[in-house]
Every structure is written in structure tokens, then in C-alpha cells.
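Student: Same order as they appear, the protein sequences are chains E and C. Take the first sequence: its letter number 24 is residue 24 in the working numbering, and every next letter is one higher. For the working numbering, count along the second sequence from 1 and bump the result up by 371.
Note that these hints are calculated values from the structure, not bench results. Here a beta-carbon is modelled for each residue, glycine too, at the ideal position from N, C-alpha and C. One or more of the hints may lead you astray.
Short derived list, chain E residues pointing at chain C, Cβ under 10 Å [what the hints assert, rightly or not]:
1. Asp86
2. Leu89
3. Asp94
4. Ala114
5. Thr143
6. Gly327
Computed beta-carbon distance windows for the label pairs [to be verified]:
7. C:Arg406 - E:Ala148: 20 to 28 Å
8. C:Gly629 - E:Trp311: 45 to 53 Å
9. C:Gly629 - E:Gly327: 36 to 44 Å
10. C:Ala519 - E:Glu10: 32 to 40 Å
11. C:Ala577 - E:Asp62: 49 to 57 Å
12. E:Lys351 - C:Arg406: 24 to 32 Å
13. E:Glu213 - C:Leu713: 51 to 59 Å
14. E:Leu349 - C:Arg406: 26 to 34 Å
Chain residues, written in single-letter form:
Number of protein chains: 2
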Amino acid sequence: MRQIPVELGEGSYRIDIAAGLLCDASWWASQVAGRQVAIVTDTRVARHYLEPLAKVVGQAADGIVKIVLEAGEHNKDWKTLDEIFDGLLAARCDRNTILIALGGGVIGDIAGFAAASFMRGIEFIQVPTTLLAQVDSSIGGKTGINHARGKNMVGAFYQPRAVLIDPATLASLPPREVAAGAAEVIKHAAIASRPHFEWLEVRIEALMALEAETVAQAIEESCRIKAGVVAADEREGGVRALLNFGHTFGHAIEAGLGYGTWLHGEAVAAGMVQAAELSVLCGRLARSDAQRLTELIGRARLPVRAPDLGWQRWQDLMAVDKKSLRGAPRFVLLKGLGAASLEAVDAQLVKRAIDANIAETRTPVRGELLP
Amino acid sequence: MRQIPVELGEGSYRIDIAAGLLCDASWWASQVAGRQVAIVTDTRVARHYLEPLAKVVGQAADGIVKIVLEAGEHNKDWKTLDEIFDGLLAARCDRNTILIALGGGVIGDIAGFAAASFMRGIEFIQVPTTLLAQVDSSIGGKTGINHARGKNMVGAFYQPRAVLIDPATLASLPPREVAAGAAEVIKHAAIASRPHFEWLEVRIEALMALEAETVAQAIEESCRIKAGVVAADEREGGVRALLNFGHTFGHAIEAGLGYGTWLHGEAVAAGMVQAAELSVLCGRLARSDAQRLTELIGRARLPVRAPDLGWQRWQDLMAVDKKSLRGAPRFVLLKGLGAASLEAVDAQLVKRAIDANIAETRTPVRGELLP
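Construct the complete structure from the given sequences, taking the supplied hints into account.
Tutor: Rendered as C-alpha cells:
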């Protein structure tokens with residue numbers, strides 16, 4: 001088993017990674033023995049993993065509550081959150097109940113925020129089942145829901161008591177979602193590790209094909225990078241904002257087209273190409289390094305061009321970004337492959353970076369650079 | 372100025388108490404200089420204090436946003452919370468914005484939860500304007516909203532950066548709300564300080580008449596007791612639960628009649644009489660001490676009898692109390708005047724304690740024991 005500590009003082013916890021861990025009775029016994037457990041998942045994930053998980057957890061727990069939500073980013077709102085509260089209260093869950101978030105990034109975010117705010121906070125365990133959640137969103141304690149005026153505008157920093165990653169669950173994942181997860185793998189390498197970036201340049205096709213050893217290593221390396229950043233800056237006062245590389249543009253794409261039209265990872269992929277272009281325009285990044293990043297994104301069958309939202313709409317959407325100061329967006333720029341910084345940028349350069357990478361269609365064109 | 376520290380390590384802050392402090396320009400300059408400020412209040416409080424406060428804060432702040440909500444406990448829900456988020460986002464507030472919660476307990480709870488969860492947490496200042504909020508709810512970082520299945524079921528432990536208490540704001544408070552605040556003053560004395568209880572037995576009429584020195588001293592003493600308990604147990608793992616004396620019954624009264632029918636302090640008052648009766652039935656408290664508590668509550672023009680909800684309904688409502696373990700309610704019992712403990716109690720004794728103090732009407736009968 002690969003184990004990665006997330007060092008946060010009193011709130012420290014461990015990420016455990018192993019194929020088959022989802023149904024490991026002794027792992028669960030060590031976490032939930034004698035406690036009431038509520039499993040929160042969505043309809044898609046429930047089909048594959050809810051009953052096997054409920055069975056193994058049930059051997060150790062004192063009672064299980066199952067809460068199954070509708071899948072999808074467009075359900076990451078108050079209404080769905082309230083379904084969790086309703087389910088917990090109907091089953092007489094209390095402050096001693098442990099919540100398990102079983103699913104992708106949406107489930108982790110919404111169930112994590114439910115755990116953060118139910119009776120002002122109960123313990124929870126992240127069990128991510130998508131590549132995106134395994135390499136990124138389940139780590140670091142960001143939880144929340146969307147608001148009509150912006151993504152993830154309401155939420156909490158709230159750490160899980162543990163993260164269980166079973167790469168075998170990726171077998172049931174559609175290729176489009178594997179690619180979306182790879183976007184965050186590439187992002188972590190781009191901002192923090194040139195060796196990992198170069199490893200990905202060799203292994204990207206093996207990763208997309210879910211070759212077991214490659215997947216496990218990519219997950220481990222991404223988790224290590226993210227855990228290190230989170231340990232240094234839990235509440236995003238500084239360095240943690242670098243994890244938002246590609247996200248200022250990416251969030252605008254998601255919101256501009258309506259959440260769920262593009263997958264988060266797809267929007268971040270096109271956003272990283274724009275952010276790399278902006279880095280070049282600002283004199284921070286060599287054109288050849290931006291090109292290497294764009295090529296890697298294309299080989300991961302991710303879009304390298306953004307939809308045409310119109311400049312005014314781009315501006316409005318980016319102004320509500322959480323990194324903004326008094327309405328002025330700030331951008332994570334690359335200073336080379338494996339290094340990044342957060343900067344305010346002249347709006348005209350932002351416009352040029354966007355214009356340089358606009359697609360002719362609003363549908364994500366995947367792997368555009370492939371032969 | 373009376374100053375009380377709330378010792379919570381990194382999250383430590385100060386309670387400042389002085390008549391006229393609400394419009395003290397130098398106090399505000401020390402808190403909000405150069406920052407965008409959002410003032411959240413309700414229609415009733417806004418009439419008296421919004422413009423004076425906005426004027427003095429505006430001298431130091433970089434921009435002011437005013438968000439005025441409908442008053443009342445029945446509005447302490449997601450819909451109202453979302454109005455705050457909407458107002459903050461429409462005004463392009465960001466993570467650097469400071470939120471001011473100006474009002475009673477409902478405003479403090481809901482605006483505090485908005486501060487806790489807007490962009491995963493922004494700074495806020497509590498400016499309580501009711502006696503109940505000044506002596507109790509603004510201290511200690513409990514924030515939240517109600518759920519159809521129970522009061523304060525959704526929220527966060529989230530500490531303000533400061534609490535400003537201006538007793539002069541009580542002049543505009545209806546006598547019924549002064550009494551409701553006195554209930555928590557009595558509660559703090561009953562669980563933690565026999566000398567303060569005996570001081571109240573002498574000063575209760577002066578407190579109800581808002582005699583300035585008495586009010587200031589009562590507020591200071593209540594804040595000291597509460598701050599001490601909170602410092603010892605911020606997240607209610609132990610001793611903090613004692614602040615819930617009278618609240619297991621009280622919350623059931625509020626929920627059973629519909630939030631807002633009785634004021635929180637009125638429900639707690641009748642709940643304390645029931646809890647004292649239960650303490651006597653459990654052999655923890657002398658009958659004469661229970662009688663002294665009941666008389667003090669009556670002299671504060673608070674109800675000493677609860678409405679007749681029916682035993683089944685009492686049980687259902689108390690089962691969702693946050694102190695419950697697997698559906699079994701626990702009660703704060705007095706072990707004398709100035710001492711308390713949290714205990715599970717036989718249901719038949721609970722029923723007897725309720726039956727001993729049922730009123731013939733659902734309207735709170737105030738000061739029933741007065742000559």
C-alpha cells in the first residue's frame with residue numbers, strides 16, 4: 001500500500017492508495033468500528049460500488065445509512081446538500097456519525113461540505129472513485145457547492161479523517177473522465193515538478209490506457225505534490241493558490257457554458273493552454289515550454305482551445321474568481337515547467353491570450369493535436 | 372471600556388463592552404481600515420442603527436455593502452442565507468471583505484455562517500444589539516441556520532475577529548426581548564457561578580429596567596462565564612454542552628410550536644424550570660434551590676411553564692437534539708446553584724419533569740409568579 005501523510009498539525013491524516021482497498025475489511029474496521037456510518041454517493045457510482053462497500057463497512061459499523069444523490073455538476077447546489085441533511089436527520093444521525101463520501105469530485109465536495117456543516121461538523125472519509133478526485137479534489141479539505149453567480153462560492157475548508165484511493169475503481173470510468181482527471185495530473189507536474197512532467201511525456205498514453213503501475217504512480221505523485229502544497233498553506237493564503245493554474249480561465253468556461261457542459265478537467269485543460277500563452281505574453285515562460293504543455297494536453301485527448309464566450313463575458317466571469325482582489329482577477333503563471341507564481345496581469349494581455357486559443361465550436365474538441 | 376479576552380490560540384479575540392462604542396470611529400478604524408465591509412442586518416435593527424454605523428465605518432473602510440434581511444427566527448433558513456451570498460457576490464465582495472453582523476441572535480447566527488462559508492471563510496465582527504445576543508449568542512463562534520427537522524442543525528464553529536457590545540442599543544429593545552436575554556444571564560449564573568446568581572437575586576429588577584451599571588455588569592459577567600467555557604472546549608466535546616442547560620426542553624418548545632412563536636429565551640426559561648425539576652427528581656438538586664431558580668425566572672417576567680406538546684411529540688423533538696447519542700437525549704442537570712453536569716436520564720423521569728410544569732395555554736405566561 002502506498003501511504004502519503006497530509007501534515008496539518010491536529011488535523012493531519014493519511015492518504016492510502018492500493019488496488020482493492022475499497023473492500024478491505026481490516027482497513028474499514030480500523031476506521032469505523034462501532035460507529036454509525038452514512039455513505040453518500042450518486043446514482044452512477046452506487047450501481048458499481050455502493051453494495052460492496054456497504055457490506056464490508058457494515059461488518060464493522062454500528063448501523064449504515066445510504067444516501068444516493070442524482071449525479072452531476074449541475075446538482076452541486078443547496079437543494080442536493082439539503083437532501084443529505086434530510087437523510088442524516090431522518091436516520092437520527094448525530095455528532096458521532098462518520099460520513100463516507102463515495103464518488104467523484106462533485107460528491108466529495110458536496111458530501112464534504114455536508115460533513116463540515118451538519119451539526120457544525122462530523123467526521124468524514126473521502127473515497128474518490130474518479131481519476132480527477134483521486135489525484136486532486138479529494139485531497140486538501142476544500143468542500144463546497146456552487147452558487148448561481150459562481151462555482152464553489154459557498155463551502156468550507158474541512159479535512160477528512162482519511163482518504164482511501166482504490167485505483168481499481170477507475171476501470172468503470174468513461175475515457176472522457178479519465179482524460180479530465182489527467183488534466184489535473186498534468187497541472188500538478190506543470191506547477192511543481194519538471195521531472196514528473198517529463199515522466200508524463202513518456203507515460204501519458206499508458207496513463208490514458210489505465211496501465212496499473214503507471215496509474216498508481218501518477219496518483220501517488222499528484223497526491224504528494226498536492227499534500228505538500230496544502231500542508232504549507234491549508235487555507236490558501238499564499239502558495240496554495242498556485243494549484244489554481246488554468247482555473248481562472250477554466251472556471252469561466254464552465255460557468256459560461258453552464259456547469260456540466262464541459263467537464264471540469266476539460267475546462268482546466270483549455271484554461272492551462274490559455275494560462276501558458278499568458279505566461280509567454282508576460283515574458284515568464286519560453287514559447288517552446290508552452291508548446292510542450294499544449295502537446296501533452298492534446299496527447300491526453302483533452303481540448304486545447306476554449307469556446308468563444310466573448311470578451312465581456314470572459315471579464316465578468318473571471319471577476320468573481322475567488323483569487324480576485326476588488327474585482328481584478330489574478331492569474332497563476334508558469335515560470336518554466338515545474339514552477340509558478342500568482343500575478344495581476346494587464347487586461348489586454350489576458351484578452352490576447354484568450355483570443356489566441358479560441359475554438360470554432362462550443363463542444364470540447366479532444367486530442368486536437370493528435371496525428 | 373470593559374474588555375474580555377476569548378482565549379482560543381490562533382483564533383483568540385476580544386469582547387469590547389462600552390455604551391456608545393457602536394459609533395466610536397477609532398474602534399472601527401482599528402478593525403476595518405482600507406478593507407471592503409459588508410454590513411448584514413435586519414429591517415428592525417436597520418431602522419435604528421444601520422445608517423449611523425455605516426457612516427462611522429465608512430470613514431475607515433474602502434467601500435460598504437449593506438444587506439438588510441427580513442427579521443425573525445422563521446427566516447433563519449437557507450433562503451435568507453442565500454440572500455447574503457447573493458448580495459456579497461453582486462457587490463463583488465472577495466476573501467478580503469470583512470462582514471459585520473449587526474443585530475440579534477438570528478442575525479449573528481446566519482451572518483456568521485455566511486462569513487464561515489462565503490468563499491470558504493471571510494473575517495467577521497459580531498455587533499450584537501439584543502440582550503440575548505450580547506450575553507450569549509455572539510460569544511463563542513457558534514453559527515448556523517435551522518432545518519425543517521431541527522434548530523441549528525446546519526452550521527459551523529467559526530470565530531469572529533472581534534465582538535463589539537454597546538449596551539446603549541438595548542434602549543430600543545422591547546421589554547419582552549430584554550426578558551428573553553435575561554434568561555441566558557440567569558442560565559450562566561445557574562450553571563457556573565453561585566455569587567453571580569445571588570447578585571442577580573438582588574439586581575434582577577434593576578436589570579429588567581435597564582439600569583446602566585447593572586446591565587453592563589450583567590453583560591460582563593455573562594461574557595466572562597461563557598468565554599471561559601468556550602476557551603476550555605471550543606467545539607463542544609465536553610464542558611461546553613453545559614451551556615445547553617434548559618435547551619433540550621427549550622428547543623423542543625420552539626420547534627414544537629413553530630420557530631418564532633416563543634422567543635428563544637422564553638423557551639429556555641421554561642426549559643430551565645423543567646430541567647431543574649428533572650435535577651430534583653434525579654436527586655442532584657435540592658427542591659429549595661430549584662424553587663429559587665424558578666422564582667428568579669418569574670421575577671424576570673419569563674414563563675415558568677411549558678406548553679402542552681404531548682409526550683410523544685416531546686420525545687420526537689428531543690431525540691434530534693445535538694447532544695443526543697443514537698437518538699437518546701441527554702440533559703444538563705444542576706448539581707446545586709452554580710454547578711452542572713451532562714447526563715442520560717430515564718425517560719419516565721423526563722416525562723414527570725415535563726408534566727410537573729405544563730401551562731394551560733400555548734402563549735408564554737410571563738412573570739407568573741409575580742405578586
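Student: Which earlier hints turn out false for this structure, listed by number in ascending order?
Tutor: Checked against the structure, no hint fails, so every one of them is satisfied.
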